[in-house]
Structure formats: C-alpha cells, structure tokens
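Working from the sequences, and respecting the hints, build out all of it.
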Amino acid sequence: MQHVIDPTPYKKVALFGGTYNNWSALEHTVADALRRGAEAIWFLGDAGGFGPLPNRTVDLLRSLPVRSIQGNYDDSVGNSKEDCACGYTDPRDNHFAQISYDYTLANTSTDHRTWLAALPAQARIQVGAHRVLLCHGSPRQVNEFLWESTTPLGFVEWLCKTEKTDLIACTHTGIHWERRLEDGRGIINVGAIGRPANDGTQNVWYAMLEDAGDRVRSTFIPVAYDVTQMSDDMRREGLPEEFIETLNTGWWTTCLEVLPGRERMRGQH
Amino acid sequence: MGEDTPLELPFLYLDTLWLQVTGTVCNIACLHCFITCGPKNHTHTMMSTSSVEEALDTGVSEGMRHVWFTGGEPFLHPDILQLIDMALDRGALGILTNGMLIDDALAAQLGERFRTAKYNFEIRVSLDGATLEENDNVRGRGVFDKACEGIRLLAAHGLEPILAVTTLDDSQVTQERFAALLRSLGVTRPRVKWIPPFRIGREERRGRGYEAWETLTAHDLKEPEAALKLQCGTSRTVTSQGVFPCPILINEPGRLMGGTLADTLDSNRVDHQACHTCWVEGFSCST
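Protein chains in written order, with the numbering used here: chain A, 869 to 1137; chain B, 17 to 303.
Derived by calculation from the structure, the hints in this document are not laboratory data.
Glycine is no exception: its CB is placed at the ideal position from the N, C-alpha and C atoms.
This list has only true hints and no planted wrong ones.
Some, not all, of what chain B presents toward chain A, calculated at C-beta under 10 angstroms:
{"#": "1", "residue": "Leu28"}
{"#": "2", "residue": "Gly75"}
{"#": "3", "residue": "Val76"}
{"#": "4", "residue": "Gly79"}
{"#": "5", "residue": "His82"}
{"#": "6", "residue": "Ala133"}
{"#": "7", "residue": "Lys134"}
{"#": "8", "residue": "Phe137"}
{"#": "9", "residue": "Leu175"}
{"#": "10", "residue": "Gly298"}
Structure follows, in structure tokens:
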C-alpha cells in the first residue's frame, strides 16, 4: 500500500476525517479552512456511509484543493467488498452499518470506486520542523478505534517512537480529541465532518495544525452546514430516520456499542 | 505451510493486558466455568500488588492500551482498590466480576473512579440468564439477586456496567430480554457482551467437550489478518504462575509461556481446541 511523503514545511494545515457522504459539510469545511489560511488540506478517509448521494462527495474530494488518504470504507467501496470493515461487533451496529454500506456501494460510480481504491494508506507531512503522520484509524490498523479515554500516555509515547514521528493524526471514531506528552509529541483525532460529534449540537468538527516553533499547535474548529438540505436528501434516498435524527439533534442513535463507557455516558443514547 | 506444521500465531503488539488478579479463587463455582474457579481452587493464587505493578509497568513500556482484571472474582482481592488505581493510572481498565460483592460503599468508590480517572473504566458483570431460574441453574443459588443488586448499585453511582452473558441456550439469549433487565435495574444504556461457551473445565462436563474437527488448521492462519482476529495476537494474560496467551487457557497443559511479560511477547501456539471457538465466533474477551 502506497504511503505519501510530503517534505514541505507547512505553517498551517487543515485536517478532516469521515465525510460520510455529507457533501454540504465538506463544502463548508474546505471553504472555512481556506478562509483561515490553510496551506494544505488533508482528508483522512471514509468518504462514504451514513449520508446521501455518495458521488457528490467524491466529486468534491476530487475537485477541491484536498489531498486524501484511504479509510476502511474507501477500501471496501473501492474494492467492492462485502461490508465496510468498520470494526463493529454489535448486531444492531452492524445492521445499520450494512444499510449505509449497501447504499453507498450501489450509488458510487465505477470511476469513483477506482479512485477510492487507489488512495494512499498513510501520509507523512511536515508542520514546521515537526513530523506529522496522517492515518485513518491508527498507523498499525486502519479500523482501530482510538478514543480519548482508551488512549493512554504510555501508548502515545510508544506509538510516536515506533512510528518515528512527532504527531499522529487520525479519525475513524467520529469524535475529536488530542493527547500530548509534555514534550509536545502526541496523537490528535481530528474527528469527522459527516455527522455531529455526539455532543448535542449540529456542528461538525475539523482540526487546524499550526507551526508554533517548539511544538505543533492544534485547534478544533466547529463547522455549520445545511442540515435541512442534507436531511431532505437523506429522506428522498430512503435512508434511516435514525441517521436523520442524529444530524438534527447532534446525538448518535446508531453505532453506539463501540463507544467506551466514558464516551457513551456523555451522549444521549 | 503443511497441515503438520505447528500452528503458530505471530505476536503483533501488546494492546491488552489481562491480569488474573485473584487467580482461580472465586466465591461461586459456575457450572460452565472454563477454568473451574471456586472457593477452594488455588491453582492460580492471588497476585501480589508488586507483581501486578510489575506487569503494568511492562505493559506501559510496550504501549498497552487496555487492562482487564479477572479471576476468579477480582473483588475478593484485599487490595483491589489499590490495584484499580494502579491500573487506571496507566491505561483503560475493565473488571470482570460476578457483581455479588459490590455493596453501596464500594459502588460509590467505583463510580467516583469512573468519573475522575484519566482513562476509561468499565465493569462487566456476568449473568447467564435474564431470570433467577435461568441464571441460578448455571451460576448457583442466590447469585441472580446479588448480581442484580450489584448492577443496580453501580448504575445508581453512575457506572453503568456491561452485562456478560454466556450463550448457553440460544432460545434465552436475546438482546431485548437482557436489555429490559438492565433497564429495570437503572441502567440507561444497556450493553451486553456475548460470550460463547468454551468447552473445557467445568463446561466440558456441563455441556460437552470439543469434537475432533473443532480445531484450527494451517489454512486458517493464512488469512491476512489472522493475528488481529485472535486476541492472543495482541494480548497476554498474567497470573501468579506466569504468562499465558489468554485467560481461557491458564489451566491447560503446556500453555505457560514464561515467567515475565517481557519474555513472552512473541508468537504462540494456537493449536488448542478452544482457539477454534475464538476463531469461528470472532471472539475476543475484550469488549
């Protein structure tokens, strides 16, 4: 699997994950990142799932100034696999995941599938003098769930050392957080822009990294988008009301069983 | 790789560390227990505080994310709160328990740790039936009521436990029945972990042993992500005796891998018939 290396010492880089077919959030996120002066914008994978009209999102990812790496969903859709390989273990989670996946697979063009299948697995970039590794779930497993409450400092130290990097940026869980060592090395989960972060708001989130000399400064940025338009599209496409409820309330209604207790109790369901 | 090649699974990394903190010592003797725990079973004795700490520290240096305490019944350990704090200082912790020893004071202390610890803290309570009769037929008289009370107290103190259910009777094990039971005990987000029966220990006598065909083959292990599919590709279990590939095999002959965790982070044999259960069920003891 291809890994991209970009040695350009960027001052400001925007990172987002999990578009989940949310083309409106994608438009707003990229516009916001450009307005804030991002020199590079990276998508950390999982274009499809959950939302409507997958071709619109992939059209945008290919036409906007965004570079992409491959998530498990992109590998599955790109290679027409049987399921999304999201890593769920609960029957209800898998039920809804399969509805999303079958819809996305059936409605993604052959040309876009070819593009998704060819995406690189990881990228290594520079923010100032700092090495940043971009991946989907984790550098060692594309569908590993790195939650804040299950990512201890010892693991952060071990993974940065093993991967020979200063910062690891990932997504896959859909909730943004970061954990840093005292020397500034760390892991940042940039969250997802395809659905809210199970926080009771309609916003979605992305991350901006900036060179701050001795360390990389990170900021999580909320993005508002056209929830009504997206809900209408989802209804027209016959997607589950549970998904539409999540966009409108900001609370996850499905795929909850993978959440650790700490994160689960912060949500409504 | 021929069929007579030893079935070796590569070790990828240490994600999960299992600590058999009370060994095989338990306050009950379930009929399906695959390591035959009970009040008089001291095959694996309780781990000392220092040996737990040593294993945890090795785990940290190896990049461990998750720790699970099991036994036996972990809350029989006289220093359990100290062990919990040691673990939660180093990673996410889960405890497998029968829930019977959790009183209001202990539930309050556990709930406090759930709210304030640096990392996630889960309690998983075992129950093998959604009614007293179904459960106590397997786990023993009086167990259902005490376990339910433990669940209720934990939930009341904000630590909603996961229910662990061994799938002994498919007609009884529906998500709805156990979710309803949990809700009746004050759990607002019911979670159930299903566990297939491992046909060793007491379960071999209660149900049946393994059939000859129930074994992994070299062909199985050619699957690209075999080492991620089996939990022993990313975890180890430490008891007072030493280190084992998983919590299932601690009483099985020839499965002791070594004395210290650091010495056992290498490939292991997956030729035990219980390995077949994990493989076909896609089962991991972790959540």
